[in-house]
Each structure stands twice: as C-alpha cells, then as structure tokens.
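Participant: Sequence:
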Amino acid sequence: MKKLYLSLAAALLSATAMSAKELTFYVGNTAVQPGATVEYELQDGDVDDFGDYAEYNIQPGVYLHADLIGQVEINVVSNLDVEVCVGQCYTGTDITRTTTIQSGQKLDLKYHIMGETEGGAAVPTFTSTFTACYTDDKANTTKTFTIVVNPSSGTATIVADDAAFRAVSGGIQYTVGAPTAAALYSITGKKVLSANINGNGTLSTANLPAGIYIYTLNGKSGKIVLK
Numbered sequence: 001m002k003k004l005y006l007s008l009a010a011a012l013l014s015a016t017a018m019s020a021k022e023l024t025f026y027v028g029n030t031a032v033q034p035g036a037t038v039e040y041e042l043q044d045g046d047v048d049d050f051g052d053y054a055e056y057n058i059q060p061g062v063y064l065h066a067d068l069i070g071q072v073e074i075n076v077v078s079n080l081d082v083e084v085c086v087g088q089c090y091t092g093t094d095i096t097r098t099t100t101i102q103s104g105q106k107l108d109l110k111y112h113i114m115g116e117t118e119g120g121a122a123v124p125t126f127t128s129t130f131t132a133c134y135t136d137d138k139a140n141t142t143k144t145f146t147i148v149v150n151p152s153s154g155t156a157t158i159v160a161d162d163a164a165f166r167a168v169s170g171g172i173q174y175t176v177g178a179p180t181a182a183a184l185y186s187i188t189g190k191k192v193l194s195a196n197i198n199g200n201g202t203l204s205t206a207n208l209p210a211g212i213y214i215y216t217l218n219g220k221s222g223k224i225v226l227k
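The letter at position 132 of the sequence shown is residue 132 when you use the numbering used here, and the numbering goes up by one with no holes.
No lab work stands behind these hints: they were computed from the structure.
A hint or two may mislead.
Label pairs and their in silico Cβ distance ranges [unchecked claim]:
1. Ala164 with Ile69: 45 to 55 Å
2. Ser169 with Thr142: 14 to 24 Å
3. Gly199 with Cys85: 30 to 40 Å
4. Gly199 with Gln43: 38 to 48 Å
In silico BS3-like cross-links for lysine-lysine, where the CA-CA straight-line distance does not exceed 27 Å [to be verified]:
5. Lys143 with Lys110
6. Lys190 with Lys223
7. Lys106 with Lys223
8. Lys138 with Lys191
9. Lys190 with Lys227
10. Lys143 with Lys227
11. Lys190 with Lys106
12. Lys223 with Lys21
13. Lys110 with Lys138
14. Lys143 with Lys190
15. Lys143 with Lys223
16. Lys21 with Lys138
17. Lys106 with Lys143
18. Lys191 with Lys223
19. Lys191 with Lys106
20. Lys110 with Lys227
21. Lys143 with Lys21
22. Lys138 with Lys106
23. Lys191 with Lys143
24. Lys138 with Lys190
25. Lys191 with Lys227
26. Lys106 with Lys21
Don't be surprised by glycine CBs; every beta carbon is placed ideally from N, CA and C.
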C-alpha cells in the first residue's frame, strides 16, 4: 500500500510539473498576451538621417521567458528581412531555431532590424510573427504574437478596415453587392482562406492566428488585422 501511495504522489508531482510548463513573450519589460499584435513606433536613435539617405538600426527588445527548463523551438516569420540571434545570428524572412532554455530564464532573442533608405523615403513597416513552444509538448505550450515595427510608415501602412471587408472577433464581415471572389494571404504569401461571397455575411477566421494578412477582393488588395 505504501508503494501505491508513493506511485500516486509521483504521478501527481509529474502532472503538476507538466502543467507548469509555460512560455511568455516580452517586448521590453511588458509581457505579451498570446495572439496579440504589438506596435512599436520608431524611437530617438533608431534612424540616422544623413540628408540624401538614412540608416535605421532598430532593436525593440523581444524576449522569451520559460517557467521550466526544456528544449524550445522558436520561429520568426516576417514580411521583410530581420535578424534573430539564438546561439548564432540569422537574417531572413522565415527563421527557425531550437535551443535549451533554463528555468526562469528570460532569453533575449536579439530581434534586430537594420537597413537604409534613399531620397527621403520612409523606413518601411516590418511585421514579424513570433511562435515558440516546448518541443516535447507543442500542442499545449505553443505561444505566438505579432510585432509591427513602424506602423506609421507611408511605404507599407496598415490599411484601415475596408467597409466591404472588415475584421471582427473570430471572423471577417463582408458587404458586397455582387458575387465576388475573396482571398486571404499570410504575410509570407501563403493563401489561408478563399471564398466566393455575395451580400452580407461573415467568414470564420477562428483557425487563424492573430496578425496582419493581405486580402484580395473585387480586383483590389489591402491589409487586414485579425485579433
């Protein structure tokens, strides 16, 4: 009987440890809610203007906090090249790294944007979606969020919701006067939703993560923010 009690106690401790596995993204010192979209406006020192050209060097400060030690997979998908450092530094629009994170560690992902513009052009908008999970429990520990750097840029502004195609909780409401083909794309160009619509209705986006998407509707395109 004593051995049975010990076995039950061990099982309970194991279950408690598993349930305590938690990953949390931070931007600076602020914890980010899963699925949220965070905007980062340019700060003093982010851009050096030399008149005929400008250099930008932007580091918003993105961190990943872990409650327990374990191996984590980190993926960053961006509309433009960004740099992320986990062990080594990598630059691109789709970066995946795996590393061992320590209990209580707040890992600096060294999210870094750099480049230059000419002729007075604005610094473009960078939209990056971060996803992280413990590799041995992806289903229960996956966390994601999107950061939009320089959302006020004139070169890639977030288009306000179109009156005919607007984001609502869990879906996209539409109002069109004739049969129309609608499509939704991720920032990497992958089609994630398509439908033939007419009149008024709602397209479900419950299976899509929060973030910025590109849509095509009735011969035009724009950007829409799913929250």
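Participant: None of the hints should be skipped; say for each whether it holds.
Facilitator: Going down the list of hints, with the structure as the test:
no.: 1; hint: Ala164 with Ile69: 45 to 55 Å; result: 50 Å, holds
no.: 2; hint: Ser169 with Thr142: 14 to 24 Å; result: 21 Å, holds
no.: 3; hint: Gly199 with Cys85: 30 to 40 Å; result: 50 Å, violated
no.: 4; hint: Gly199 with Gln43: 38 to 48 Å; result: 46 Å, holds
no.: 5; hint: Lys143 with Lys110; result: 18 Å, holds
no.: 6; hint: Lys190 with Lys223; result: 14 Å, holds
no.: 7; hint: Lys106 with Lys223; result: 33 Å, violated
no.: 8; hint: Lys138 with Lys191; result: 24 Å, holds
no.: 9; hint: Lys190 with Lys227; result: 19 Å, holds
no.: 10; hint: Lys143 with Lys227; result: 14 Å, holds
no.: 11; hint: Lys190 with Lys106; result: 32 Å, violated
no.: 12; hint: Lys223 with Lys21; result: 35 Å, violated
no.: 13; hint: Lys110 with Lys138; result: 23 Å, holds
no.: 14; hint: Lys143 with Lys190; result: 21 Å, holds
no.: 15; hint: Lys143 with Lys223; result: 23 Å, holds
no.: 16; hint: Lys21 with Lys138; result: 11 Å, holds
no.: 17; hint: Lys106 with Lys143; result: 15 Å, holds
no.: 18; hint: Lys191 with Lys223; result: 14 Å, holds
no.: 19; hint: Lys191 with Lys106; result: 34 Å, violated
no.: 20; hint: Lys110 with Lys227; result: 25 Å, holds
no.: 21; hint: Lys143 with Lys21; result: 12 Å, holds
no.: 22; hint: Lys138 with Lys106; result: 19 Å, holds
no.: 23; hint: Lys191 with Lys143; result: 22 Å, holds
no.: 24; hint: Lys138 with Lys190; result: 22 Å, holds
no.: 25; hint: Lys191 with Lys227; result: 18 Å, holds
no.: 26; hint: Lys106 with Lys21; result: 14 Å, holds
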